[in-house]
Each structure stands twice: as C-alpha cells, then as structure tokens.
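Chain order of the listed sequences is E and A.
Heads up: the first sequence begins at 1 in this note's numbering, then just goes up one per residue.
Heads up: the second sequence begins at 1 in this note's numbering, then just goes up one per residue.
Be careful, since some hints might not be right.
[Unchecked claim] In silico DSSO-like links for lysine-lysine, alpha-carbon gap of 27 Å or less:
1. A:Lys527 - E:Lys190
2. A:Lys409 - E:Lys163
3. E:Lys2 - E:Lys24
4. E:Lys167 - A:Lys501
5. E:Lys122 - A:Lys116
6. A:Lys116 - E:Lys75
7. A:Lys139 - E:Lys234
8. E:Lys234 - A:Lys586
9. A:Lys140 - A:Lys501
10. E:Lys281 - A:Lys409
11. A:Lys586 - E:Lys162
12. A:Lys116 - E:Lys234
13. A:Lys586 - E:Lys163
14. A:Lys139 - E:Lys125
15. A:Lys409 - E:Lys75
16. A:Lys94 - E:Lys234
17. A:Lys501 - E:Lys190
18. A:Lys140 - E:Lys125
Simulated from the structure, these hints should not be mistaken for lab results.
Because the structure is a prediction, the values reported are computed rather than measured.
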Amino acid sequence: MKRDYVIVGGGVVGLSIAYYLLKKKPGLKVSVLEKNYIGYGASTRNGSHIRVHFWSEENVRFAIESRKLMINLGKELGWNPILYLGGYLWLIFDEHTLKAYEEMNRRVWSKYGYPVIFLDEKEVKQRYPYLNISGLVKGVLGPQNGKIHHDFVTFGYYYGVKKRGGKVFEYNPVEELVVDDNKIKGVQTKNGFIEADNVIVAAGAWSKLILKTAGVDIPLTPVRKELGVMEPTKPFIEPLIIDMRPESQGLYICQTPRGEVMGSVDYPHVKNEYEFTNTMKYLSTFARHAINLIPALKYLSFLRIWSGDYNMSPDHSHILGRDDKWPEGLYVATGFSGHGFMMAPYVGVVMADHLIDGVIPELMKPFLPTRFEEGRLIKEMMVIG
Amino acid sequence: MACFYGPRLVSNVHRKESYNLVTIYVNGVPLSVYKGLPLAVALYRNGIYGFSRSYKYGRLRGFYSLDWWGAERVGIEDGFEENPYVLQTREGLKVSCEMNVTMLNKLIWVFRNLFKVGFYNNWFFRSRFGWNLLLNTIKKTLPYNTPPLKVVDIPPPPKNISIETDVLVVGGGLAGLSAAVAASKSGAKTVLVEATYSVGGRLRYIDELNLEGLGSSGELIKNLVNEAVNNGVKILGETVFQGILDDAYVGYSLTNNTTILFKPKVVVVATGSREIPAIFEENDLPRIMYLSAATRLLKIYNTLPGRKGVIIGLNNDSIHIAEEFMRRGIKVTIVDKRRDGELRDLVEEAAEKNIEVITGVTRIAAKGANGVSSLEISVDGGARRRLNTFFVAMSPYRVPDMEVSGQFKIASAFDVRIGGFVPLHAWNGETNMDNILIAGSAGGILPMEVEYHLSRAVGYLAAHKAGGKLDDEYDNALNMGRKTLESNYPETLSALEDMDKAFKEGNAYSYYSWRKPITWYEGDPSKQFVCYSMDVTVADLIHMVEDMDMYRMELVKRFSGLGTGSCQGRDCIFNAAVIISSLSGKTPLEVGRFRTRYPVIPHKLYSLAGVEI
Ligand SMILES: Cc1cc2nc3c(=O)[nH]c(=O)nc-3n(C[C@H](O)[C@H](O)[C@H](O)COP(=O)(O)OP(=O)(O)OC[C@H]3O[C@@H](n4cnc5c(N)ncnc54)[C@H](O)[C@@H]3O)c2cc1C
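Given these sequences and hints, build the entire structure.
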C-alpha cells in the first residue's frame, strides 16, 4: 500500500511531524519507521530542558512558539508533560560575557517578551546558598525556562499518532531511500520495500547516513555526549545551572523533580559516536567541576550514566525542509545540535504546513537546507553541553 | 604478596566476630549494639524491622537482600544516604531513618487504584492547579535526605589506584575461584575482585553440601582459596567491579570509596547468580526477605530471623537451609506454587528430613501491620488458610547476575532452564568480545560441580588469551563438565547446547516453557510489588499491557520508572519480563531487558573526582 508520507526515525521529531500531519489532514497515510524502539536515539537520552534564550533571533522566535505548544501538551495529547519551570541560571564570571548577555536581553529577549533577570553575587547566594561562586560577576536567570519530561512527550506523540490512524513500525530500519528519475519512490527497509510519495528524514544523528543513499550530502556531525544521574536527594537545586568559567568545561547541573541530580561537561570528541558507551574521563571531569561548584554534591553517587549524540550542523541550528536540487518528495528535519527536544513540537507544526500546503511558514524560512550554500548562516552560539 | 593501599586483601572464608559494644543513635535514640555489624543487622537485632519509607506509597520497608548492592538506604550524620548493609556500626554513629508513615501515605495507599502508573495524566493532575499541587507534594514528601547546603572547603579527593594484571576475575564465588586458580596455575598474573569481605560466594552458607567427586562444598572452597593464595592470586575483598568504560576498567572499594583502575588483558566475569522476589500480596512488608538474607542473619551474624518462618520456593538451597533453621530451633514451612508431580524428588527429600512442605499454593497474601505476621494461602484455588509466621524467606527462582555482562554489547538470550536472561556465550566462556569471558552461573544457572569444571576451563582459556600457552587440563575440564551434565543434568545440558549453537550462529534465542510464571502468585495485583524502589505493582504492568499496548521493557522502564531506582533493575527485571509476557502473549525475549547501565553500584562523586586519566 502506497503511503502519503514515510518518516524515517521514531524520535520526538519524527513522531511530532507525523502527529501534526495527521492532525492537520486526518486520513493521510503516514508511517513512521524506527530502527529500534521509539525514542532510541537522542529523544530518550537528552537532558529534557526547554528554553527560549538563544543567541539568534531566528531560534528565539522558533523556541517561543515551541514552548507555547510544550506547555499545553497535556491538553493536546492527554499526557502530562511534567512541567517544571525552575529556570536556567547562567553563572557569568567575566565582564565581556556579561555585556553580550545584556545586549541580547535588550535587543532580542525583551523584545519578544522573555527578558532575563540579572542577579548580583549576593542575590545569587541568597537564592542558591549551595553555590560556591567566588568571583561571580553576575547570575543571569531565565525563569521562563525549565524541564519537561522527554519520554512522556515522545510517548504522547507516539500514542497520538496511533490514535489518529498513523502507523509506527519499531525494529524496522530503513536501509535505503529509493529514488527513480530524480523522484523519491519509497524506502527499502530490512523487512521490505515501502512505497511513498514523500519521505521525511528525521533520523537524528543517523540522518547523514540515510541521506547519502539518495546521493544527498548535508553538513552534519554527530558528537557524542554523556549524561548521568545521581542517587536522589530531596530536591534542592531549582534551575538548570550553567557554569560559564572556561575551566569548568561547560559544566551544567540540574535536579529532576524526583530528586535525581543530573549533569554533564564538555570533553574531547570521541570516535565511536554510534556506540553509546561512556568514559571515565566524563565521570571524573564532571565530578571535579560539580563538587567545586556545589560542594554538597561531595557525597552523592552516580547511579546511572549513558550517552547520546548531539547532531551538530555548521551553524548549530536545525535544518528543515528541502533543497530543490534534491529528488522530488525528499525532506529533512534534522541537525538539532543539542536542542531538538524543545523544538520538536513546533517543527511538527511547520513541517505539516509545509508538506500539506506547500508553503514555507515564516519562522521556518531561516532553517532551510539551502542556507549553507547561500551563505545565510544563523548565528547561534548558545549550545549547552 | 604485595600490599595495596586501600582495598583489603582477603584470604579467609569466615568473618571474625566482634563482641565489643558501641552506642549508635537512631533518630536520636541510643541503641547499644555490637561493633562492626552491618547497620541493617544491628537494627534487626533491636527489633527495628522497617527503617525507610517507599517512594510512592510511603510504605514502611526493611531490607530484602542484606547485600552490598541492596537498594535500601538510610541517612547518616552529614545528611547523605548509605546502604545499611555496607554501613557498619561504630561508636557514636548517628543515623536517620524515615519511619513515619504519614496520613497522606496511608490515604494514597487506600486509594492506590487512583495512583496507578500514569495517574498524573488524568485531567486533574494535567491541569495547572492539579499539577502544581502534585509537584509540590512530591518535592516535599520524597523519602530522601537533603544534603547540607553550606558551602565548605573540600579537601582534595584521594587519588585512584591502578592495578595491572594479565587476568582479572570478577567475583569470588565457586566459579571465580576456580577460574582464578586455573589462570594462575597456567602462569598468568591474576587478580580477583570480590564485593564482600570474604570469598566463597553462595557456598559460604551452603557449606555442608556433598558434591560428586569433589567432597563437601565447604572443603572445596577452602582448598580453592589455599590454592589461589599459593599460586599468587591477589584477592581484593570489599571491592566492586563497576564495569568497563571506553577508557577504563573500574573498581570501587567499599571500605574507603577509592576508585581503582585496572589494566587487565582479559576479564573473566564470574558474578554468579541471585535470588529474586516472589510476587504476592504485600510482598514488601518488613521481615520479608531473600532466603540468602535470612541465612546470612543466622549463619554470619548469629541473629535469629525469627522463631517461625515460611520459605517460598522449594529447591536444594531451601531444603538445605530449612534443615539448618530447624537445627537452630526455627520452625519452618516451605511453600511452592508448583505441584507435587513437578517436584517429586524435592518433596521426598524434604519429607525425609521432616520439613513441612505445602505445594500447589496458588495464592499468597502477606498480612501484618509493621512487618509480616502471617501469610494467607490457598492451595489449588481452595479455601484460604493462615500460616502465622515471623519472617518470610523468598527463594522462588535464581537468575544470573548480569550487572557487568549486561553493560556490554553482548546479546542476551532467554532460557528459563538456566535462569531466564543470559548473556550469549560459548561453552568455554567466550563472548563476542575478544577479551571478555564468562564463567559459571553468571552465564546461566549451573549445578555446582559443573560450575567448578567449566570455570576451570574458562580460567585456562583466559590465561591463554592473555598470552600464555593453553594448559593441557583445558580440554579435560571441559569434558568433565560435559560428562557431569550428561549423566545428571540433561536439561541444563540441552540449554547449554542451545546457547552454544545460538552463539556460534550469532542469534539471540529464546526458550520459555512456563504457562504462568512460577514466581507470581494470585492476589490483588495492586498490592503485588514488582519493583520495590519505584513502587511498581503488577496492576501497573496490567495497565501498561492491556490499556496501553506497551510491552517492551525499554518503554516500560521509561514510563513506569521500573528499574531506575537504586537497585537498577536487579530485583525486578526478570519478574517484570515474565509477567508482561504472560499478560501480552509476547515471549520474554520480545519483551526484552533494558540495557544495564554503568556503574554496578552507585559511585561517589568525591571518589571519582580524584581519578586521573
Ligand atoms: C546528552 C544529550 C542531552 C540533550 N539535552 C537536550 C535538552 O536538554 N533539550 C533539548 O531540547 N534537546 C536536548 N538534546 C537534543 C535532543 O535530544 C535531540 O535534538 C532530539 O531528541 C532530536 O530528536 P530526533 O527525533 O531528531 O532524533 P532522535 O531522537 O535521535 O531520533 C532519530 C531516530 O531515528 C532512528 N533511525 C536512525 N536511523 C534509522 C534508519 N535507518 N531507519 C529507521 N530509523 C532510524 C533512530 O533509531 C532514532 O530513534 C540532548 C541530546 C543529548 C544527546
């Protein structure tokens, strides 16, 4: 049976696209193909944070729309998103960085109604007495940001797709995009050929590999990141805390509402990006910096660690839609560079509009794959982790 | 023998008793106890059976396992949490235990059907008001401590230790010792790590068993220990092997939290097997524990688990230990779900030894306020009858410990003849990873004599893989293992042959013959706990399978939290898989197991901070 849309990848992005396609036009034949279980990729491995404070106006506006959808996901999907708006707290230790934040706040964040709050050392110590921050210049608090349960959002879209008549096939890897006469014909999976008019590649860190089978090359680099949780305590860390000292190696720490402290650091690139193993380098580096920032973590213990890929694009921003030079009917939604979970709801909405109405929604325009050739890169510097 | 700073070297089988009294404070109340006892044991001796509250329903809980990996926690002075088995009594020790079951906890338990997994998705808790109410309640009532938040100067953390060796054997039970002796005899430099303070594994408690051709189990262990020591095997006690990372083989000392980085050429995983809970109504009450815990109380800590007990599960271990209990004046009854016909030999053996056995028990419900006081049982669905008891010891089934092997990219198979989930490997212990071998029951439950022979073969092979020559004894050991299986254990033999074949063909395989899990009794599913840490009940599994069409373990874990508590799935994964299998019609292999994540037990940040790599 011919499908209207086949989506490669059962992560939060693929499922969101399928959901909004079916919502916009009930009765469409939509299949999602996933090579493992749903969410196997980054979607169940991420830090589950949402924020609106990006460095580029394009991402800020996109994230604001996505946040609105996220917060109302409970109504939309019947799944509680486990919203926890503890904020993001950037700890800034030099004047230069502070200036840049102040400038961003004036120029962009306030303009769209999401100003940040600048806290001096005393205020930070008052609010967060557990922080060891001598030499702090300012704390920047984005109270509109927070956490949402990544698994529940992924599950919510999954059940939403199924309820609306979409098909989700787990353990069904796509091996090849089948193209004939510069038009997409369908996909070859491990379990057979599936015919389709349109194929959307939303395969996260594997997107580059899949696209190659159709002769399409987009500039993506999977970068493995490690994450871990500690044994739970009563919750005491409210925001996601980002230590901006260069020597802290991009340290970020947060705590889930059920008490597990969680966090990561940047560390040298590893080779086996598709093997989700871990390193002692991560454990020891994180431990050192974490204890330095929050001495109370001294006796906490790592309970469980894992890893996943950031799928980095050259300008640290997602890639949506298609390039007219590609085979007809081929689309992508990928390159999320470490913040795709929070963008997923709005990606679903704009992609559904794009696919069904053939228009390019305004907020999607900056994210087209053609921007690299045309030299219209997005200036996004706020990648966390 | 070289001496290491940090982990203690052991060569003894038994623990030395200390009779010095010290005072400890439990929630401020002084208690006089023996020094150096595990806290959980000291509390038990003083009539404190429940010392923590459960995560969701706030149920009073005691210990199940008395193991270094146990999921129970108590707070100590500085506000952090410790495993009450690893934590030993010392003068002035202050512990805080959450023992107050609040009105709210009781209400939630009464209305538990409104709080099944996913309850927060209902319209009320999804609403802004409902969700904020719930979130704040959760944050306030979580049964954990708050660490002291004051910023203090932290002394630099201790540095890690590094140990280089040819062969690293993980686990000091029969399999590990046998492998270590073989490897060292072949000339390989061998280090053995053992998580407890003494070697011998299960045979420390089952020491009067007569093993065909090998003498008594206790003697065998003693001889092996002597041989190991004489051949220069270094045995590190109270040291947990945490797993293998891209850049490190990691150990962790339980005595002083030092991190150890091993540099082995070959690793032999000999982590053995463990009991799992039986699933019945209120199987979480204090004084319901594993059989091994009850045994340890009595044999190691000289503490009566009670004057009257019920053992769930009729098998060689339980008969052996029931005898011991009876000798010590404890009245015991063994109950089992299976019928006489399936258990004929064991029933006869128990009868000879005057042990009371009730088979064909279809339903069990535990009763009691602050600890179990009776079991209500029915036989073959018949009338309910009450067994008064002071403690319950569970041994319904044994599973391999996959906490180390489950971290690797080794496919798991499922074979109910040898313990359910097993890491796919060959007869001689080879896995699909070049330098990792599996020995003994860690790879599937084996009879002890067989374990001895096959593990020796693995040891010889390990030495060979580490660069030595292959000992002539290698083939002999393999043959002896096979012969013993052929003559006495045909079922285990076919399981190993199936596995060997599957391994060579590179296929995961599944063998499952139960109609209903033998670990799962009838009763109110909302009172049957599958995962103690996260309070996941059979009712939750039913809801997931029947209402949500969810059966894959990776998803079940993420939706229900099953397996994400301190035990990381050890207690629950087998039961969850077979129960979901019987609810959904999928095989346990299709249900699957979630990937075991590093580390084996929680690893202190302070200790990791000192690691230089
Ligand atoms: C450690 C970490 C922390 C993060 N923290 C955050 C955060 O706090 N906030 C945030 O917004 N984002 C975060 N992210 C990023 C976020 O997780 C991702 O951007 C997002 O999940 C991407 O979703 P996706 O659906 O595009 O990709 P994925 O979730 O990776 O899904 C792709 C799917 O495609 C499947 N697939 C691959 N190849 C094939 C094939 N050939 N056939 C069929 N299926 C295939 C994969 O199995 C996978 O399930 C984090 C990422 C990591 C790794």
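Hint-by-hint comparison with the structure:
no.: 1; hint: A:Lys527 - E:Lys190; verdict: 43 Å, violated
no.: 2; hint: A:Lys409 - E:Lys163; verdict: 35 Å, violated
no.: 3; hint: E:Lys2 - E:Lys24; verdict: 20 Å, holds
no.: 4; hint: E:Lys167 - A:Lys501; verdict: 36 Å, violated
no.: 5; hint: E:Lys122 - A:Lys116; verdict: 44 Å, violated
no.: 6; hint: A:Lys116 - E:Lys75; verdict: 20 Å, holds
no.: 7; hint: A:Lys139 - E:Lys234; verdict: 7 Å, holds
no.: 8; hint: E:Lys234 - A:Lys586; verdict: 39 Å, violated
no.: 9; hint: A:Lys140 - A:Lys501; verdict: 54 Å, violated
no.: 10; hint: E:Lys281 - A:Lys409; verdict: 21 Å, holds
no.: 11; hint: A:Lys586 - E:Lys162; verdict: 20 Å, holds
no.: 12; hint: A:Lys116 - E:Lys234; verdict: 23 Å, holds
no.: 13; hint: A:Lys586 - E:Lys163; verdict: 22 Å, holds
no.: 14; hint: A:Lys139 - E:Lys125; verdict: 22 Å, holds
no.: 15; hint: A:Lys409 - E:Lys75; verdict: 40 Å, violated
no.: 16; hint: A:Lys94 - E:Lys234; verdict: 19 Å, holds
no.: 17; hint: A:Lys501 - E:Lys190; verdict: 24 Å, holds
no.: 18; hint: A:Lys140 - E:Lys125; verdict: 22 Å, holds
In the structure shown, a violation is registered for the earlier hints numbered 1, 2, 4, 5, 8, 9, 15, in ascending order.
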